[in-house]
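Colleague: Sequence order for the protein chains is A and B.
For the first sequence, the working numbering begins at 379 and goes up steadily by one.
For the second sequence, the working numbering begins at 1367 and goes up steadily by one.
Note that these hints are calculated values from the structure, not bench results.
Predicted model only: the values in this text are computed from it and were never measured.
Be aware that one or more of the hints could be misleading.
[As the list claims (entries may be wrong)] Incomplete in silico selection of chain A near chain B, CB under 8 Å:
hint, residue
1, G393
2, I406
3, A407
4, N411
5, F423
6, S424
7, T427
8, A501
9, C502
10, D503
11, N620
12, N621
13, S628
14, F633
15, Y671
Note that the Cβ used here is the ideal one computed from N, Cα and C, for glycine as well.
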Amino acid sequence: MNPNLYWLQCGGCSGDTMSMLSADSPNIAEATNTVGLDVLFHPSFSALTPARHLRLLDDLTGGALPLDILCVEGTVITGPNGTGMFETCAGRPKKDLIAQLAARAGLIVAVGTCAAFGGVTRACDVGGVGLQFAGKEAGGFLGADFVSREGSPVINLPGCPVHPQVLIGTLSALATGKRLKLNERNAPLEYYNMLVHQGCTRNEYHEYQIEETDFGQMGCLFFHMGCHGPLAHGPCNKFLWNNRSCKTRSGIPCFGCTEPDFPQDTPFFETPNIVGLPINLPDGVDRPHYLAYKGMAAAAAPERLKHRQPKV
Amino acid sequence: MSENRKKTIDVALNRVEGDLELRIEHEDGVVTNAWSKGIMYRGFENMLKGRGALDGLVLTPRVCGICGTAHLLTAAKALDMISGAQLPVNALLVRNLAMMAEHIQSDLRHGILMFMQDCHNPAYASLPLYGEAVRRYQAFKGRSVIGAIGMTKKILEIVAILGGQWPNSSFIVPGGVASVPTFNDIVNCTYIINLFTTWYEEQILGCPLERWQQVRSEQDLQAWLDESDAHRDGDLGFFIRFARLVGLDRLGRGHGNFVSFGQLELPQGSAVRGRTADPLLLAAGFIGQGQAPAGCDQELVTEHVAYSHFVDYPGGLHPSEGLTQPYVSPYEIIKYSFCKAPRYNGRPAETGPLAQMLTSGHPLFADMIAAGGPNAYVRELARLTRPAELLPAMKTWAGEIDPEAPFYHSVREIPDGHGYGLIDASRGALGHWVEISRQKIAHYQIITPTAWNGSPRDHDGVRGPWEEALIGTPIADPDNPVEIGHVIRSFDACQVCSVHLLTNNAPATGRSRCVRV
Chain A
379 MNPNLYWLQC GGCSGDTMSM LSADSPNIAE ATNTVGLDVL FHPSFSALTP
429 ARHLRLLDDL TGGALPLDIL CVEGTVITGP NGTGMFETCA GRPKKDLIAQ
479 LAARAGLIVA VGTCAAFGGV TRACDVGGVG LQFAGKEAGG FLGADFVSRE
529 GSPVINLPGC PVHPQVLIGT LSALATGKRL KLNERNAPLE YYNMLVHQGC
579 TRNEYHEYQI EETDFGQMGC LFFHMGCHGP LAHGPCNKFL WNNRSCKTRS
629 GIPCFGCTEP DFPQDTPFFE TPNIVGLPIN LPDGVDRPHY LAYKGMAAAA
679 APERLKHRQP KV
Chain B
1367 MSENRKKTID VALNRVEGDL ELRIEHEDGV VTNAWSKGIM YRGFENMLKG
1417 RGALDGLVLT PRVCGICGTA HLLTAAKALD MISGAQLPVN ALLVRNLAMM
1467 AEHIQSDLRH GILMFMQDCH NPAYASLPLY GEAVRRYQAF KGRSVIGAIG
1517 MTKKILEIVA ILGGQWPNSS FIVPGGVASV PTFNDIVNCT YIINLFTTWY
1567 EEQILGCPLE RWQQVRSEQD LQAWLDESDA HRDGDLGFFI RFARLVGLDR
1617 LGRGHGNFVS FGQLELPQGS AVRGRTADPL LLAAGFIGQG QAPAGCDQEL
1667 VTEHVAYSHF VDYPGGLHPS EGLTQPYVSP YEIIKYSFCK APRYNGRPAE
1717 TGPLAQMLTS GHPLFADMIA AGGPNAYVRE LARLTRPAEL LPAMKTWAGE
1767 IDPEAPFYHS VREIPDGHGY GLIDASRGAL GHWVEISRQK IAHYQIITPT
1817 AWNGSPRDHD GVRGPWEEAL IGTPIADPDN PVEIGHVIRS FDACQVCSVH
1867 LLTNNAPATG RSRCVRV
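Throw the hints in and build the complete structure from the sequences for me.
Modeller: Here it is in structure tokens:
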């Protein structure tokens, strides 16, 4: 029998659903039809009659119908004062429904940064938390020790929105019984062991410290424009977006939207720095050596790059 | 009469974007009263206060996953105004193209994936069009659904080419755009526009764009439908046949007031022209019930909170002075929505593609409204055919981009000041009112299209547009109130999730039964 899936939307913008609709090879229709996922309900697409949907929810929360995969999109809203009344469903806090379904699900997927870590909604004053993390802190709504029926923690697929390939790939793995190795934030290594920086067409500018100080200069965005590419984990420059490009290739800084502290407190489009050098260096880099390397690299910068001849 | 004659139901509506519940009072199978409840509060506006001056460009697209480019553009326009930026022609062209790609995506995703799904609601199982509706619109499987999934993601490649990604890019900045598209990028956009146009003509219209553009009255529309099988077999033709079969034109009338903030600035020297003298492709305006279109003045916009979960203030406030202080209480009996009540010159107004077609002088829609007033049919018709208004201009504008000319005029610092950005997003009038002080956001208020359409009652107790539009709606089966779904979805509600249907009991006494439509 095909594994089933229930998609629950809570405190978010449905951007992850919209991202999913942009998946390609396979697109969402091909994926559900060929991998054999039985989508019981998705709020944007399902045509269940009211009575049937009500029965379905009763069957799932009561255990009559075992739920294989629960996808949660959006932040769990617990405010004001822990009541959850900032997001309700038939007069009851939505968080109660999340808890009921989570208690029954075989596997749970947190789709997007909001569900994984709290995301943009966590920055608002509504008590927003992720399913098992609140920002960098383990715990979140379900608690750090929570495991779903199949013994797995919530599988986090951060990104604001999640990259469609990450979502479709993960669901394909789960639907066919494969288990993906997870990193310390419970995100699949397959997609989150690389940096956004890797594969950026502007890498050569970074190598020689040719940096933008204003939009449209076609340099690296890391030193002054607030780019998180060398800090943020995700495949944006491996898979690209919409089969075409990604922000850093188009001169827009990466905002680190896959990271637990997104949105960061410091202003976007600016790099926090000390005497012109970023405070946060590329992931894992040794500061003194990096500074020495940068000084030498800038001196070695070729003219063709200084004059932006590549036009990338 | 039985004591059960008057009933209240809570309806949970999916296939809308966002959280929505409706409380419906009906008598003898006809809706007599309605309350629209926004049931989620995220506190975006307060979160923005104190953040960096440009942070709205990153955060406001995250208000809405389906129209993030519209929020980005609106946020940037407010900062353009505050900084007095002069935009290069290329920047206007790129902004317009990305905006139009997002609209077309939204119109067809809503139309084919969300609205038309109702054509195979079990309530219609005995109708002659049912089998065809299943073959076309079944989720993830229907022929039209698969086509729409494939082509709406194709048209969005234009936003990625010009701005890095969709959804949630931040490529529009005060002074222009951050990206520098090359000749090859522009050519690829043109190919996508052509490819999409061919599909739209074959699959949706069943005729060339030029033929559709000749439809200028309801009489023309009938002649067009009678003209060929291809016209009747496209998704538009199917929609018209279905709408007539189930009487969508008799549902969802409403107040008959329309507001549009207008959009798509005509760049200097462009060959593209609008229908009016407005320097926009689609003109702004306000139309009071039965009146001629008049200009739209943002000074006349206010928001009320008498029935909204916010700390009270008397009357309405202009958004530049707007207050957002959430207030919920378990003992509350008056306030019922997290949505404020926007009003134009004190009046509720619907917004969206229909309003936009009317304010910009489209003869077909002017004729249809003059004949029968607004309804669910004409609203969705405007949405499904809006791409025909946009695609020719997109093609011209792509050709007018000069990759050698600038895309950005430097705006290094945002000075202190007030500004606003107003556009028509895919679902209608969208405004951001912004105050910047010492490089930080001092005040930010957003009015979304769905705040207009899904507004609760105002200070004077006047219903919001879709509350009003529900009055008189027949409900054949309270367990499956498909008619309510038609009315709400004709506004393209942007609130994910639910309208909850509570049967038989009055709101104060009954435990509600939650049903999704």
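Colleague: With reference to the structure, classify each hint as holding or not holding.
Modeller: Outcome of the hint check:
1. G393: holds, 3 Å
2. I406: With Cβ-Cβ at 6 Å, under 8 Å, it holds.
3. A407: holds, 5 Å
4. N411: Check passed: Cβ of N411/A comes within 7 Å of chain B, closer than 8 Å.
5. F423: holds, 4 Å
6. S424: holds, 6 Å
7. T427: holds, 5 Å
8. A501: holds, 5 Å
9. C502: With a closest approach of 4 Å, the C502/A hint holds.
10. D503: holds, 5 Å
11. N620: Holds - the Cβ of N620/A comes within 8 Å of chain B, reaching about 4 Å at its closest.
12. N621: It holds, given that the least Cβ distance between N621/A and chain B is near 6 Å, below 8 Å.
13. S628: Holds. Min distance 4 Å.
14. F633: holds, 6 Å
15. Y671: violated, 28 Å
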